[in-house]
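Novice: The residues making up each chain are set out below.
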Amino acid sequence: MATLSASPAPAEPGVPAAGFFRRRRRALRLMTIPALAIVAAVIVFPWLFTVYMSAFDWRIGSVAHFVGLANYVSLASNQRFLEAIGHTFYFTALAVVVPLLLGTAAALVFHREFKGRGVLRAIFTMPMMATPVAVALVWTMMFHPQQGVLNYLLTSVGLPPSLWVYSPTFVIPSLVMVEVWHWTPLVMLIVLGGLASLPTEPYESARLDGATEWQLFRHITFPLVLPFLLVAAVIRTIDAVKAFDTIYVISQGGPGTASETINLYLYLQAFAFYNIGNASAVVVVFFVIILALALLLLYVRQRAKWSA
Amino acid sequence: MLRRAAFACAIGIIVSPAIMVFLWMLSLSLKNELDNSTYPPIFIPSAPTLSNYTQVFADNSMGLYFLNSLIVSGGATLIALLVGIPAGYGIARLQAHRTTVLILIARMTPALSFLIPLFTVFQLLGLNNTLTALVITHLVITVPIVVYIMAGYFETLPRELEEAALIDGGSVFTTFRYVALPLARPGVVVGTILAFIFSWNNFVFGAVLAGRATRTLPAAVYNVLTFEQLAWGPLAAAAIVVTLPVLLLTIFIQKEIVAGLTAGGVKGG
Amino acid sequence: MTDRTNSTHPDALRRRLLQAGAGAAALGALPAGVPAAMAQAPFDWKRFKGEKIEVFLVKSPRGDLLTKYHKEFEDLTGITVGSEMVPEQQQRQKAVIEFNSGNPSFDVIALSYHVQKRQFAKNNWMSDLRPFLNDKSMTTPDLDFADFAKGGLFYAVETDGRVMSLPLNLDPWVVYWNKELFAAKNLAFPKTFAEMVDSAAKLNDPSKGVSGFVARGLKNANVPVWSSFLLGYGGSFIDANGKLLTDTPEAIEAGRMYQTLLAKSGPQGVAGFNWNESQSLFVQGKAAMWLDGIGFAQPLEDPAKSRIVGKVGYGVMPAGPKAQVSALFADGEGISAQSKKKGPAWFYLQWASNKANQTRMLQAAAGAPVRNSAYAAAQQSSDFKAPKEWVECMLKSASIAQPGLPVIAPVTEFRDVFGVALTNMINGADPAAELKKATAEFQPVLDKSEKA
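Protein chains in written order, with this note's numbering: chain A, 39 to 346; chain B, 18 to 286; chain C, -14 to 437.
Treat the hints with care, since some could be wrong.
Cβ-Cβ distance ranges computed for the label pairs, FRET-style [claimed, not checked]:
(1) L61/C x G91/B: 36 to 44 angstroms
(2) K34/C x Y190/A: 56 to 64 angstroms
(3) K436/C x S115/A: 18 to 26 angstroms
(4) D132/C x L67/B: 24 to 32 angstroms
(5) N108/C x I123/A: 53 to 61 angstroms
(6) A244/A x G186/B: 30 to 38 angstroms
(7) H114/B x F58/A: 37 to 45 angstroms
(8) K187/C x L192/A: 23 to 31 angstroms
Source of the hints: derived by calculation from the structure; they are not laboratory data.
Glycine is no exception: its CB is placed at the ideal position from the N, C-alpha and C atoms.
Based on the sequences and whatever the hints tell you, model everything.
Specialist: Quick look at the structure:
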């Protein structure tokens, strides 16, 4: 599992023998074993179990029948499941792009020195740490079309009220709003870290050449923080694809099935219908999707690294 | 002057949604039901009441759930640190990218998919409805975070010191313990905090696997939502009880989070 | 969520379905072999002194009430009660997981008949109570089945005579109406479906933020609303051969009525409303009618929660073209088949359903007790809080009640599939097409569950 890509041997005199490296590698591997054992027990085992169960028609309380790939076949033609995939992609796209934009903007603001920066930054990062279930319950109330505080705010500045999560059209954008509120701070922190590590020389010389602020951002800042943005994109994608608490608490996948993502569909199959076989097949498909997305992003990131 | 005003404005726009939601939550928790469901909304309670809080604590054994959450998240974080820090070091020094990918994939797997298999096993072991089972489940959350962040952090550390120590006859372990680990302190802090917070905030495991005596706070908060009675006040109060500890944590260790998160988040994987 | 129905053994399904269709008459005769407990038995409440039982309740006014008086049970019997209350959805989920583990952590469990009874019965998760009922030393003379509403017993007793639980609470659906809003438009409470739709349209006044009608639009939760109409149109859920009747002309008419009421006279966003959004609109005086279970009187009459105290009318479900029916749900308590403390658990069941607790339930307007004597007792009491009109509505509704959901095991899936169809209707979809689609989708699930 562990590949040792030649850590360069010290060039000093008294180069240790090859045995030294072998022993060292063995010791290092030993150090990873407890963690890998835990990962195997609590993560890899459930995966295998799930793959196994996905070949059965089994509801809790009844006898399991082996059905081979039948669960997958029926999923492939299950319109509701296919729609759930669509909702997941829609939700994910918004819940990745919007926090990236806002998070970058916020990072640019917080990168400057100003009075009270520490306190304001702390306030800004609070949503990221707040318990999603608790906050989602408060958002639910805020979304109420007749009595919610959000419509009050809209109408008090002269805008028409919205139906928020009570409308099939707006439910996903509204849920994304909660997600954006929650996770923009994370993007901000990552980008902020990137900004902090930037060298100052290119800016100085560019300024001497008379570059505008926008040009500075476009040609210096942006390319340099791009790797950080990609990291944020990977993390956001993973979290957005499997978002659950917020959707479960606020809309339960509704109205109708308008915000039913794969994860919500999975929950329904597993814990409302107790249809374990089918639910396992959903997990497997879901997992393949997540994996594909992550690999795609990692690939993009690698390419960005090479071209940088 | 105008620029400064515009900048202040931008800060206001950026920060206000974050604080507003919490203030609204606070306001809800301090008002009676009638004020809470009225429209237009009442923002500042006319007669603030703490009855929502007393009710939440009296009816829902919040004290016990708080303790449960502390044990579960604390336990899972501690174990994750014990196994995760050495593993992170091993992975970083072996440049074992495939292992990192495995860890990353673990982090990607939706929590729901762990529930059924783990439940089945706990049943065999007679562990259902125990805190032990919950701690084990929460390892799903904490171990990948710690390993991921630590591997990233150790990679940023210069190797020269360690190599010098090794050449001087130190074992890999003593080098790790006395050279690398002290340098990685900020990474450890951030790994601890993030693992703890993500574990603390987890809802699904507690909701499905825990019983009356072992329930954790987020599941308990959801349970305040009762049938046939609207209870926004108590609900908001419960929400504050569960959120406050992590918020305080965030504010106090803000700097470390900023430092460690960026280093760990960027370099790993 | 507050919707309850019954279920029975698979082999008795067809017969039971027919009975359900036949309506309240089917709630009749007690099966033979269920004795009314005899009065002169040497029964001792202290028999299980020192034991401890675990009780798993649903968070609701009923659950709250029982929990509040657990001390009384402990003093009476010397049995210690450990109890847990969780919201309905979680309770159902946990119940399945715990029973399936083969070693549930509770001895007594509260069940909503419409969702859990058939599931529990199919899996043999509950204990038959007949051995206790037949044992005079185990059964208090107070437990008199003659005092129990027939509707309640119908739910508790299997067609083969087994008694799997004791019923506690009936929940017929009724129409809460705002008298002030009706008076302002010079309208009387509707007597028929047509009048109901008509009144709702007249009362609807978006400019003032007032809706003519509100009820659940949220998928799954919304199915009983449609059932209420379906039953009035003379429709039912399933025929004698296990074939769904949910795309018949009656079902489609009910769907149309649902669509008209909610989309035309309902509040904006009603497609996402559950009972709580509906209630919060109604207590603010912003809805003229609200169709839901009868258990909501308490918050409506509580000045700390409601702006319409004293202005609430409690109306019996208006008559449909074919019948006047109130969709009925119920819940009760049973003993886990795996319990090692069945005796003490049985004592708890008897205590929970005793006259005092049933009367309290009514007094607190926490639900509609299943024991007839509670009504007389509660009304004599000085601190009787429930409005008289509510009690009358309850009694009338119970007399015209029919199960509000089909008697099948995958009832959650049924509600989900049809719930989606109903929500789509609110958002403009054609009722006939939606019901046809939902029926086609659910039929195979039903067939499979009956075969299993």
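Novice: Would you list, in rising numerical order, the hints stated earlier that this structure does not obey?
Specialist: 4, 5, 6 and 7
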